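Colleague: Here is how the chains run, residue by residue.
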Amino acid sequence: MIKTDILIIGAGPTGLFTVFEAGLLKLKCHLIDALPQPGGQCSEIYPKKPIYDIPAFPEVLAGDLVDNLMKQIEPFQPGFTLGERAQTIDKQEDGSFIVTTNKGTKHHAPVVAIAGGLGSFEPRKPPIPNIASYEDIGVEYIIRDPELYRDKNVIIAGGGDSALDWSIFLADVASEVTLVHRRNEFRGALDSVEKVQELKNQGRIKLITPAEVVDVLGDTHVNGVTIKQGEGTFNEPCDHFIPLFGLAPKLGPIGDWGLEIEKNAIKVDNSLDYQTNIPGIYAIGDVNTYPGKLKLILCGFHEATLMCQSAYQRIFPDKRYVMKYTTVGGVTGFDGTKKEAPKAVVKAID
Amino acid sequence: MTDIKITITDRDGVAHEIDAPTDMNMNLMEVVRSYELAPEGTIGICGGMAMCASCQCYVESDHVLPEMSDDEEAMLAEAFHVEDNSRLGCQLHIHPDMDGLRVTLAPEE
Numbered sequence: 163m164i165k166t167d168i169l170i171i172g173a174g175p176t177g178l179f180t181v182f183e184a185g186l187l188k189l190k191c192h193l194i195d196a197l198p199q200p201g202g203q204c205s206e207i208y209p210k211k212p213i214y215d216i217p218a219f220p221e222v223l224a225g226d227l228v229d230n231l232m233k234q235i236e237p238f239q240p241g242f243t244l245g246e247r248a249q250t251i252d253k254q255e256d257g258s259f260i261v262t263t264n265k266g267t268k269h270h271a272p273v274v275a276i277a278g279g280l281g282s283f284e285p286r287k288p289p290i291p292n293i294a295s296y297e298d299i300g301v302e303y304i305i306r307d308p309e310l311y312r313d314k315n316v317i318i319a320g321g322g323d324s325a326l327d328w329s330i331f332l333a334d335v336a337s338e339v340t341l342v343h344r345r346n347e348f349r350g351a352l353d354s355v356e357k358v359q360e361l362k363n364q365g366r367i368k369l370i371t372p373a374e375v376v377d378v379l380g381d382t383h384v385n386g387v388t389i390k391q392g393e394g395t396f397n398e399p400c401d402h403f404i405p406l407f408g409l410a411p412k413l414g415p416i417g418d419w420g421l422e423i424e425k426n427a428i429k430v431d432n433s434l435d436y437q438t439n440i441p442g443i444y445a446i447g448d449v450n451t452y453p454g455k456l457k458l459i460l461c462g463f464h465e466a467t468l469m470c471q472s473a474y475q476r477i478f479p480d481k482r483y484v485m486k487y488t489t490v491g492g493v494t495g496f497d498g499t500k501k502e503a504p505k506a507v508v509k510a511i512d
Numbered sequence: 010m011t012d013i014k015i016t017i018t019d020r021d022g023v024a025h026e027i028d029a030p031t032d033m034n035m036n037l038m039e040v041v042r043s044y045e046l047a048p049e050g051t052i053g054i055c056g057g058m059a060m061c062a063s064c065q066c067y068v069e070s071d072h073v074l075p076e077m078s079d080d081e082e083a084m085l086a087e088a089f090h091v092e093d094n095s096r097l098g099c100q101l102h103i104h105p106d107m108d109g110l111r112v113t114l115a116p117e118e
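Chains P and C, in that order, give the protein sequences. For the first sequence, my numbering gives the first residue as 163, with consecutive numbering after it. For the second sequence, my numbering gives the first residue as 10, with consecutive numbering after it.
Treat the hints as calculated values from the structure; they're not laboratory data. Since the model is a prediction, treat every value here as computed from it, not as a measurement. Watch out, some of these pointers could steer you wrong.
What the hints assert, rightly or not - Derived DEER-like restraints, expressed as beta-carbon distance ranges:
(1) C:Gly22 to P:Ala351: 40 to 46 Å
(2) P:Arg345 to C:Gly22: 26 to 32 Å
(3) C:Asp19 to P:Asp226: 34 to 40 Å
(4) P:Tyr214 to C:Glu117: 57 to 63 Å
(5) P:Lys362 to C:Lys14: 48 to 54 Å
(6) P:Asp418 to C:Glu76: 40 to 46 Å
(7) P:Thr382 to C:Ser70: 46 to 52 Å
(8) P:Gly454 to C:Glu76: 36 to 42 Å
(9) C:Thr16 to P:Asp381: 21 to 27 Å
(10) C:Ser70 to P:Gly454: 18 to 24 Å
(11) P:Gly454 to C:Glu69: 32 to 38 Å
Claimed, not checked - Sample of chain P residues with no beta-carbon within 10 Å of chain C, all distances over it, derived:
(12) Lys165
(13) Lys188
(14) Ile207
(15) Glu398
(16) Pro399
(17) Leu413
What the hints assert, rightly or not - Per the computed footprint, the stretches of chain C lying under chain P, defined by three or more beta-carbons under 8 Å from a beta-carbon of chain P, are:
(18) 48 to 58
(19) 82 to 93
In this text, a Cβ means the ideal position worked out from N, Cα and C, and glycines have one as well.
Just chain C, same shape as in the assembly:
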């Protein structure tokens, strides 16, 4: 089992360096929920189908992440508080290449 380090800044501006497993088919939204870095019911509302934007985050490190799917792109076109570095956490599957990733959770809508 390999864990990677990810730094997640929560909606109160507090940074948390956490270990994320790469072998549990988890995505970033689920990692945030597993560490309870955002209250239940305010993140991952659609369950991870890129159909809400409650897991929107801003990618702050220069990691090359998988390209956006049409679904993610479409959802971000309708979401609020969107920046150039916005991604949906649910669409970012934890991968060894993401070691050292730094993200900030977008405000709750």
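Just chain P, with the same shape it has in the complex:
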């Protein structure tokens, strides 16, 4: 069991900055994120895009913002559970919480801060009417174990990097690989596109373009798909159908935690501390909503700062504390580092 003071769900910019503000109050943090790396949308969707409305940064790349935040919070030694999605929450008798991920990792904390942004990133599922009934019996949206496809006949759909890369990889594993894409053009790294072309010329990958999978076939397991090309359709046999259309954020299991939801976001008390309807659970950043809410990184930073003060009071109800300026108090890390303003030398003139 991982124990911490503030358990932060979501390692985007708001979640990361929470570690800093909590650290100033000597509170330790642990972050859970479904993505394998910190940074949330900034790292996953637009690392190379500039942001212009971070105060005092006329321009900063989203990826650099994340790198800087990671550097800023380093002294506070946050823990990370990455690549796992927060699944369930159980309130304990003492008012603390145990949050368990989809992989079974348990986290225990007196305060939970949901900084989940738009939710966790899940594979985009194509709108094929019967596809849900074939999940785990031949339809997979994520390739977890390529060995599953050893000597099997596999159909992949999609036109981006992951569809191209997995087609190339599985060409050596599967008995047959067919790649179906709606356009004749693929958008991916040039060498991936060239490699697919080469494998196609060698007859090791079959390309069906421009075409779309419109139906999945089979009784107890997938045994084929229906493909629409032009005005006609035809069936193509396969053992596995793997749609790879990238990731999209979904609020996911957090939506079932008994929190008040409005406009696909978690309602909080913005007049006070961004607490949800469940005391001890806060929601900050893009995941929350309140009158006048703006989904901006700078608003997330503000919400994180106020939330930490409230969390401190919740954890230490009998302690008195006032906010200190870092310029006055410096920053003392849990790793023994100390940053502080140099003392001015005052010298009288004779």
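Once you have looked at the hints, place chain C on chain P.
Modeller: Below, chain C alone, put in the same frame as chain P:
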């Protein structure tokens, strides 16, 4: 300030004729959000970077619209429910030439 008229059919099939400002650097996705014609969290998820297709719409009038960027084209290649007249609302900046535009929002993915 000049406003133009745009008719937007929402995902329930209801048509709304609305005024869209041409001088606020707004795009069609933002206009839809400002009139709350689709629930928050179901449109403009990526914020308007042509990186999701939640603002996909079908252009039904014969307006000549700016050409698609590579980003928009690539996103629509991966999106679902795509038709020949599909565009991403976030990539259509409100311009006086769009007066009378008619669009229908694509279904939610």
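Colleague: All hints, please: hold or fail.
Modeller: Now the hints, each set against the structure:
{"no.": "1", "hint": "C:Gly22 to P:Ala351: 40 to 46 Å", "verdict": "41 Å, holds"}
{"no.": "2", "hint": "P:Arg345 to C:Gly22: 26 to 32 Å", "verdict": "29 Å, holds"}
{"no.": "3", "hint": "C:Asp19 to P:Asp226: 34 to 40 Å", "verdict": "39 Å, holds"}
{"no.": "4", "hint": "P:Tyr214 to C:Glu117: 57 to 63 Å", "verdict": "30 Å, violated"}
{"no.": "5", "hint": "P:Lys362 to C:Lys14: 48 to 54 Å", "verdict": "49 Å, holds"}
{"no.": "6", "hint": "P:Asp418 to C:Glu76: 40 to 46 Å", "verdict": "44 Å, holds"}
{"no.": "7", "hint": "P:Thr382 to C:Ser70: 46 to 52 Å", "verdict": "49 Å, holds"}
{"no.": "8", "hint": "P:Gly454 to C:Glu76: 36 to 42 Å", "verdict": "37 Å, holds"}
{"no.": "9", "hint": "C:Thr16 to P:Asp381: 21 to 27 Å", "verdict": "47 Å, violated"}
{"no.": "10", "hint": "C:Ser70 to P:Gly454: 18 to 24 Å", "verdict": "35 Å, violated"}
{"no.": "11", "hint": "P:Gly454 to C:Glu69: 32 to 38 Å", "verdict": "35 Å, holds"}
{"no.": "12", "hint": "Lys165", "verdict": "33 Å, holds"}
{"no.": "13", "hint": "Lys188", "verdict": "35 Å, holds"}
{"no.": "14", "hint": "Ile207", "verdict": "5 Å, violated"}
{"no.": "15", "hint": "Glu398", "verdict": "20 Å, holds"}
{"no.": "16", "hint": "Pro399", "verdict": "24 Å, holds"}
{"no.": "17", "hint": "Leu413", "verdict": "8 Å, violated"}
{"no.": "18", "hint": "48 to 58", "verdict": "holds (count 8)"}
{"no.": "19", "hint": "82 to 93", "verdict": "holds (count 6)"}
In summary, the numbered hints that this structure violates are 4, 9, 10, 14, 17.
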